[in-house]
Each structure stands twice: as structure tokens, then as C-alpha cells.
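Each chain, written out:
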Amino acid sequence: MDALLTKTEEKVAAPTIKKIKGSEILLRCLMAEGVDVMFGYPGGAIMPVYDALYSYADKLTHILVRHEQGAVHAAQGYARVSGKIGVALATSGPGATNLVTGLADALIDSTPVVCITGQVFAHLLGTDAFQEIDVINTTLPVTKWNVQVTEAKDIADAVAKAFYIAKTGRQGPVLIDITKNAQNELIEEFEYEKCESIRTYKPKPTLQLSQVEAAAKLINSAKRPYILAGQGVLLSGATKELIEFSEKTGIPVASTLLGLGAFPQDHPNYVGYLGMHGNYSSNVNTNECDVLIGLGMRFDDRVTGNVSKYAKQAKIIHIDIDKAEINKIIKTEAFILADAKDALTALAAKCEANKHTEWIDSFHQLDKIEYEKVIQHEFSPTSKELMMAEVIHRLSNKTNGEAIVVTDVGQHQMVTSRYYKFKNPRTNVTSGGAGTMGFALPAAMGAKLAIPHKQVVAVIGDGGYQMTIQELGTIMQYNIPVKILVLNNNFLGMVRQWQQLFHEKRYSFTEMQNPNFVKIAEAYNINAKKVEKREELDAALQEMLDSKTSYFLEVVVGKEDNVFPMVPAGAGVGEVILEIPKK
Amino acid sequence: MELAADNNFSVLNRIINILNRRRVRIKKLMAHENETDFRKGGVIFLLHTTEDMIEKVSNQLEKLIEVENVRSREGSDLYFELSERIVDVD
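Sequences listed follow chains F and H, in order. Residue 1 is where the first sequence starts when you use the numbering used here, and the numbers rise one by one after that. Residue 1 is where the second sequence starts when you use the numbering used here, and the numbers rise one by one after that.
No lab work stands behind these hints, which were simulated from the structure alone. There may be inaccurate statements among the hints.
Said to hold, decoys possible - Ranges of calculated distance between the beta carbons of each label pair, as one might list FRET restraints: (1) F/K350 to H/D52: 29 to 35 Å; (2) H/N69 to F/K505: 53 to 59 Å; (3) F/T357 to H/L12: 33 to 39 Å.
Small disclaimer: the values here were computed from a predicted structure and weren't measured. C-beta atoms are modelled at their ideal positions from N, C-alpha and C, and glycine is treated no differently.
One chain only, chain H, in its complex shape (with noise of 0.2 Å):
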């Protein structure tokens, strides 16, 4: 799941606040400012959940003030090759 924010104090909590309400396990996530306006971010998370789980935090996750857009995608290459994406950047 990929996420694009506001770079603002509490979205990371916000965020993972909602996936542990839901109890949905995060096996691996990254966050990061966006490399040309450090008032942007995002995060991107792997999860192991059910696809009506995603579909219901993603609904969620949208609902949050400061967040842009969600989008999420089955399996692992997603979060892999947008992380290495970031590490490249840095």
C-alpha cells in the first residue's frame, strides 16, 4: 500500500493508528519526505491482510485530513520496488 501525505507531525501515528484498529499486520514500511518538497510525504507499507480489509482501511486511511491518496496493489513487488526507489534517491 502506498500512501502520499502532507509531511505534517502525527500523520505517521494517524496512519498506523487506523491499521492497528483494524489489527491488519505491517511487515514492512518506509517512510519518507518527498525529495523535491519536504512538505510532502508518503509512506509504503507491506501488509498481510484480506483484500475487503484493504479495501476498508484504504476507505480510512482516505478519510484523514492530511492524506492525498492511497492506491494498493497484491504482493510484495510493489512495496520493493518503490522502496528501492527511495533508498536510490537518498
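So here's chain F without its partners, still in its complex pose (with noise of 0.2 Å):
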């Protein structure tokens, strides 16, 4: 009996099974998705993740930004630059909607995002507890896809989700919403599985070779036809595919505001920048063209004007790898539904080698007139005080092209996109679809962080710079060797421009009395310097991208300083104006 005893109890002791909490969980789900840094700010109900996090402190590395909107947007700009997945941690509540700009942004401009917020704990849900709010309604309209977890044995399959959704088809950004309770139980041992698939979601059109040969059809007999390169090109990886194309069939390409670095700008078949504050030249000749090819671009409204004025001549071919945005804004001639990588590859072979150098010619002869009438005046200024444009030309000249410059929203956006000659791609980091203010001191960070070997330089403006302003304790606290060019005209520039412009110079609300932003720098032990002087211009920019740390170069320009060539409000891309109309 005692024997029989004994082998009962060595049966009921056997190996205990090791469980772990659905926190951890989490951290070896980022980990096996081949996450090493994310931005993140602590908080109640996230709690467990970030005690988690305190012993994966060798394996995964979090910057702790100084607001969630930081976070989500140096996640942009790591996902931008390296085209990896960012990542972006924040609590339940007001932790949450502060993501919800970054995820704006990020939606509209394709960015993959995952960001994960800790939620209540699950039987609170819906009670209105303290910093409980439903950030899955409230994030709905503003992610690719977003999913609340209750229970630990749901996580794994959530962030393997979460991950395939925001880097496939048209990317975007994704939340992962876990309640306390879920990061806190012991679930046992899992085994991590990437998602390869997702019964209901199609994330990758099949090619279709009619398509294909329909657009094949109208470039082979096109005299003037067009390229508008979109970011799309950037995202499918497809650079190269296009200068071939290109080359062979002789055809133009511009580039729209996320396009730029798609396809290098000291090719001799780039022909400009597309948009309201775009080149003469490219705007003008898109209602000049008798074949227009929007490749990996969605029309914007930003890049076509008033649609009734826009292209009326030309047969539209649109490639995108979204069916929503073909015929959502122009009615096309043909389509393509694939990426742009599979598109160029499939039309090439369909397409016959061709040359078209008097419409490229054309490009050029308007360049003359825009060189004339703006960008002759703008490198070499008359006045006393300094131009933007002389500004970012130095500053595009000294880097040759070649660094990852990240812009925030407004004149010196759109002045950094016409001057700043970018080479290579992915290295044009802006808010573009959203036109975030605040954007760029925290996307260069993330920049910095993804792609440590390249000189990075956020250029903003005076507004821009002090909605983000309080990131620069996180650049001093990680030491990010990040590059601050702020140009200042103490005014929100854009808007005063069109005031003056649209609204008989009534500045309302537009002018602003500024800190010494210098001495913020500095009290952030960030390297500081202010430039009012032509003659000081370039050694100050020289300084600033030769010093090792980070740097701030504050450069004061024009007041009234005015973006030109204009395409304005209500006008066709044909109605570009170069200089303040005469009334």
C-alpha cells in the first residue's frame, strides 16, 4: 500500500509547466518580429509591460520620448528611413489619444506603425474609470486595423496580426490595445507564430496582364507622355525599376512631396516637383501631356489643383496597389492594380524603347522662366536678410544631396522640397497627407536612431519647432546626434502668406513673439547657435553638420518671405503664378 502510494505521488509531481505573463509575452512577440527599438512613455495601466521591459533592457531598447505624440512620430520616422516596422508604447487614456495625430499621419501617408497602449483592466471596461477611455473607437477611423486583448493567450496572435497588416499592401498603422489584467496573467509557454495570412484580407493584388497591356497600349502611342512618381515607388522598393523604365522609354518623370527620392534628381529625365508650391514646369506641363501616369500616387489635392482644370487633355493611366484609389479623384484612361515595383517590371517588357527630347525639352524651357522670375532672386537676394531658399540650396549643396533631411509643415516644407536635391531614396522624411505641425523634431530622432551612420537634419519652422519643442530632453537624455535647422521668420509662415496673399494681408493670429530658442538648447546641453548674417551662413551650416553631437542652428529669414511658384487655392495646375499678382 505504501508502494503504491509512493509511485502515485511521483506521477502527481511531475514537471511543472513554466508560465509567464502575458506582458512578457508581448516583449518576446516584438522580439521575434525583429523589433530593437521602440518610443514609448510609461503609465498606470501599461505598468506591467515596462516592468517587463526592465529585464529585456539588454535585448530591446526604449526611448522614453517626453509625449506620446513624440513616440508615434519617431516611429514614423524609423519606419520611413529604414522601412522596417516603428513601434510606439503608451498608456490607457490620455496616453492613447495623444497617438492619435501620429496615426493620422501615419494612415494617410502609408506608414507601417505599431502601436501598443495599455488599456484597464478588462471588467472596467466601459465604466468610465479612471484614464479609461475606447481608444478602439476613438483610433478607428486612423488605423489600417486596430484590436483590443483581454486575455494573455490572445496576445501572440494580435501582435503576429498586427505586424503582417501594417507592412502589407498599402501600409499603414496598427494599435494593439491590452487591458492591465491581460499583461498581468500566467499563461504557459507559447510558441510564436508569424501571420502569413488573413482568410478575409487580400493585401496583394494579383497582376493582371490585360490591365497591363491596356496601359502598355496608350504609352507605346503616346508623344508627351508623363510620369508622377508617388511614394508608392519608395515602399515597393522600386528606384531602380523606374530609371530603367524610364530610360527606356524616354518618358519624364516628376515627383510629388513623398515621392522625392524616388528617382534621382540629377538624372537627365527628372523634370521636377509636383504640387501647389511645386516647379513651374511640372505643374504646367501635367495639362501639357497626352498620356499621364500616376505611379504609386493618389491625386492629392495638393498635386492636381482643381480636378475640373486638371489634365483634361491627357489619357490617365493609374498604378497603385490600392483598387479604393483608382477613380477616386480622376477617372483613368487604364489601370494597374499591383505595386509599383511589379507594374514597372510587367510594363517594361510591353513597352517599346522610345526617346522624347523635345517634350523633355519642353520641361526645360519653362525651367528657364521659373529661373528667371524666382529661384535667380532667391540664391541671390538683393536684401539684407536671409531667404529660405538660399538656406536649404547651401544646405543641399554641403551634404551633397545625400542626407536624410525631415521636414515638419509649412514654408520651409515646401521650400526644402524644391531646393533640397534629394539623390537617394527614402532619405525625404515629411508629413505630407496630414501636414502635422510638430512632426519633424520627433521623426528624426526616430531617423537618427534607425540609420545611425547618416547625417540626419530636421528642418522646421519657428510654430513647427515649439509644438515638439520638449523632445529635445529626449536627444539630450539618449544623446541622438540629430541636426536642428530651424528657420525662423517669427511668423506661421504659410498661413501668413496666404493672408497676405488671399486675405489682404490681415495677419490674424500669425505673428509670434518667440523664446531665445538658443538658450533652450543650450539648457538641453545641446549645442546652440544663431545666424542673422548672409557672411555667417555658411560656416554655421558647416559647424552644424560637422559637429559629432547634436546641434541646433537657429537662422533668421525674411518675415515676409513668400513660397513661389503658387498654384492657388480653387485654380488649375496651368494657373501656377510665380510672383504676388498684380491687382
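Now that you have both chains on their own, put them together as the hints suggest.
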């Protein structure tokens, strides 16, 4: 009897199953997805994850930002330059709602970001508990997908799906909201399986040969074909294919704001930057081409101007991975539902070799007009005041167009897009569709952490700089050697320009009394300088670029410096103006 | 308009959100679980809008991760036919 009891006891004392917390599962899942750095801010509902992070500090780098908006913009900057997924962490309630602007920005600019938010205990959901906000419904319109997890067993599946959805098809932001009980719950060890498909989700359309043939037919018979290249070229890694296609067919290429860098600007077939403040030739010739090829772009209203006056003479071919973009703004003659890389590869095989020398030359003729009316004056101003264009032109020359340049939103952004000669893909980082002021400083931090060996310059206006200026603390704490170039006109410059041109110079609440920016930077142990004279500019820029540490340079520019050319609101792209209209 | 989707939390909100953004008027709607598999479901709408808008919102709805397919037909027959069938099953 005793022997029998002993045997039974031995059976009971089988090896115990190791259990781990949901919070640790989350970190292991992130590591399995290749995450090496994330940006976040702790708080009550995400504390179990931060507690687990304490033990994973040697495996996962966490950057403590100064505001959750900074976390998501940093994740965006990281994603945009690296092509990897950016990750941001925040707590429930206000922590989560502070992510909303960045999520909206990432959605409209197709940036793959995964945000993880803590949430109150599951039994408190819907009770108006402390820091409880319905994050799922709040972020529903600004995410590609979101999910709430209330049990630890569902964390791994949610993370796998989130990473798959963020990175496939038209890329975008995803949010996982995890209740505190799920973070604390102990469950058995698990095997992480990456997600490779979702029953109802078809991220990559099958390339249809008939669509390629229809587009090729239009291109082969075109006399003045014209490619408008967007960010889709960068996201699909199709720069090489685009260069080859343009060289074979002889078709000129212009770039959208987010497409800058997708096609080298020193290439003879590059004809400029499109949009409200784009080049004169690239806008005017949109209404002169006979076949217009929108490649990985979405005919944003800043590109088209007044749609009723947009390229009416042309047959439109639209190439995009997102079916919802086709015929959304502009009716197409033909379309290819595919990513830019697949579409260009297939098209190249069907399109004939050609040259369009006269057509490309017509762009250069128009470029001369823009040079005489705008650029010449901006590069060699007669006034004492520094102009934004000359600053960016010198920055471009000094970095040979090879730095990663992160811009905010406003006049400085448009000037940078016009005059910085981006040579390489994924070097232009800006807030395009959403136009988020405050984007640049945190996004530049993320970009620098992603590609540490590259020079990263944040070009910002004095307005946007003050929207996320607190991230100087993050730059100081982690010694992130970003270069910060603030073009200070003591105005919300773009709004002021519109007030000048369209509201009879009624400068309603756009003039800013600014603090001593140099002292603020120095308070964060960041080397800083202010430049007001032209003769000091070159040396100051060089000092900033040569600095091994973070550096702040304030350049005081003309208060009423305007950005031209400009397609006025309501005007067609052919009605682009080069100077202040005479009354 | 008829949609088939996974029966997850918030799916209906996502669908309605797209129609709201486009200011499409919903005259009637019926949402239901699939009679044989509760993990799947669907929504039937009677909408007042243009053919062009139906094409645009259909493309946007098909982008939703949980939506399996979208089909639409002019007139109100489809709505009543499908909704009666679902009521009969219940």
C-alpha cells in the first residue's frame, strides 16, 4: 500500500509547466518580429509591460520620449527611413489619445507603425474608470486595423496579425490595446508564429496582364507621356525599375512631395517636383501631356489643384496597390492594380524603346522662366534679410543631397522640397497628407536611431518647432546626434502668406513672439547658434554638419519671404503663379 | 449593399464609419451572425446614394481587414429579399 502511494505521488509530481506573464509574451513577440527599438511613455495601465521591459533592457532598446505624440512620430521617422515597422508604447486614456495625430499621419502617408496601448482591467471596460477611454473606437478611423486584447492567450496572435497588416498591401498604422489583467495574467509558454495570411484580407492584388497591355498600348502611342512618381515607388523599392523604365521609354518623371528621392534629381529625365508649390514646368506640363501615368500616388488635391481643370487633354493611367484609389479623384483611361515594382517590371516588357527629347526640352524651357522669375532672386537676394531658399540650397550643396532631411509643415517644408536635391530613396521624411506641425523633431530622432551612420537634419519652422520642442529632452538623454535647423521668421509663415495673398494682408494671429531658442537648446546641453547675417551662414551650416553631437542652428529669415511658384486654391495646375499677382 | 465579414468587435463601426465619412444615407440596415458559424457575419444596407459613390465606398469597404466581400444592386429588392431570408432563419 505504501509503495502504491509513493508511485501515485511520483506521478503527481510531474515537471511543472513554466508560466509567463502576458506582458513578457508581448516583448517576446516583438523580438520575434525583429523589433530592436521602440518609443514610449509609461503610465498606470501599461506598467506590467514596463516592468517586463526592465528585464529585457539588454535585448530591446526603449526610448523614453517626452510626450506620446513624440513616440509615434519617432516610430514614423524610424519606419520611413528603414523600411521596417516603427513601434510606439503608451498608457491608456490620454496616453492613447495623444497617439491619435501620429496615427492619422501614418495612415494617410502609408507608414507602417504598430502602437501598443495599455488599457484598464477588462472588468472595468465601459465603466468610465480612471484613464479609461474607448481607444478602439477613438482610433478606428485613423488606423488600418486595431484590436483590443483582454486575455493573455490572445496577445501573440494580435501581435502577429498587427505586424502582418502594418507591413503588407498599402502599409499603415495598427494599434493593439491590451487590458491590464491580460498583461498580468500568467499563461503557459508559447510558440510564436508569424502571421502569413488572414482569411478576409488580400493585401497584394494579382497583376492582371490585360491591365498591363492596355496601359502599354497607351504609352506606346503617346507623343508626350509623363510619369508622376509617388511614395509607392519608395514603399515597393522600385527606384531601379523606374529609372530603367524611364530610360527605355524616354518618359520624363516628376515627383510628388512624398515621392522625392524615388527618382534621382540629377537624372536627365527628372523634370521636377509637383504640387501647390512645385516647379513651374512640372505643373504646367501636366496640362500639356497626352498620357499621364500616376505611379504609386493618389492624386492628392495638393497635386491636382482644381480637378475640373486637371489634365483634361490627357489619357490617364493610374498604377496603385490600393483599389480604392483608382477612379477616386481622377477618372482613368487604364489602370494597373499592383505595386509600383511589379507594375513597372511588367510594363517594361510591353513598352517600346523611345525618346521624347523635344517633350523633355519643353520642361527645360519652362524651367528657365521659373529660374528668372523666382530662383535667381532667391539664390542671390538683393535684400539684407536671409531667404529660406538660399539656406536650403546651401544645405543641399554641403551635404551633396545625401543627408536624410526631415521637415515639418509649412513654408520651410515647401522650400526644402523645392531646393534640397534628394539623391537617394528614403531620405526625404515629411508629413505629407496630414500636414502635421510638430512632426519633424521626433521623426528626426527616430530616423537617426534607425540609420545612425547617416547625417540627419531636421528642418523646422519656428511654429512647428514649439509644438514638440520638449523632445529636446529625449535627444539629450539618449545623445541622439540629430541636427536641428530652425528657419525663424517669427510667423506662422504659410498661413501668413495666404493672408497676404488672399486676405488683403490681414495678419490674423500669425505673428509669433518667440523665446530665446539658443538658450533653450543650451539648457538641454545641445550646442546651439543663431545666424542673422548672410556672411555667417556657410560657416554656421558647416559647424552644424561637422558636429559629432546634436546641434541646434537658428537661422533668422525674412519675415515676409514667400514660397513661389504657387497654385492658388481653386486654380488649375496650369494657372500656377510665380509672383504676387498685380491687382 | 451586402457585406460578408468576420464577426469581430467593431466591424460594424468600421463599416458605418466609411459610409458616414462619405455622407451616404443609410435607409435601412440589418446586421447578423452567420447562421452556421458565429465567427462570421454580414450586414445588409439599403442606401440612398449614387452609383459612382457606391463604387467608391465598395472599394473602401473591401479594404477593411475583416470584410470578405461586398456586392451591391440598384433598387430595394435585394435588401428585402436578403433581410426576409435572415428573419426566416432566426
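Structure-based check of each hint:
{"no.": "1", "hint": "F/K350 to H/D52: 29 to 35 Å", "in the structure": "30 Å, holds"}
{"no.": "2", "hint": "H/N69 to F/K505: 53 to 59 Å", "in the structure": "55 Å, holds"}
{"no.": "3", "hint": "F/T357 to H/L12: 33 to 39 Å", "in the structure": "57 Å, violated"}
Checked against the numbered hints above, the structure violates only hint 3.
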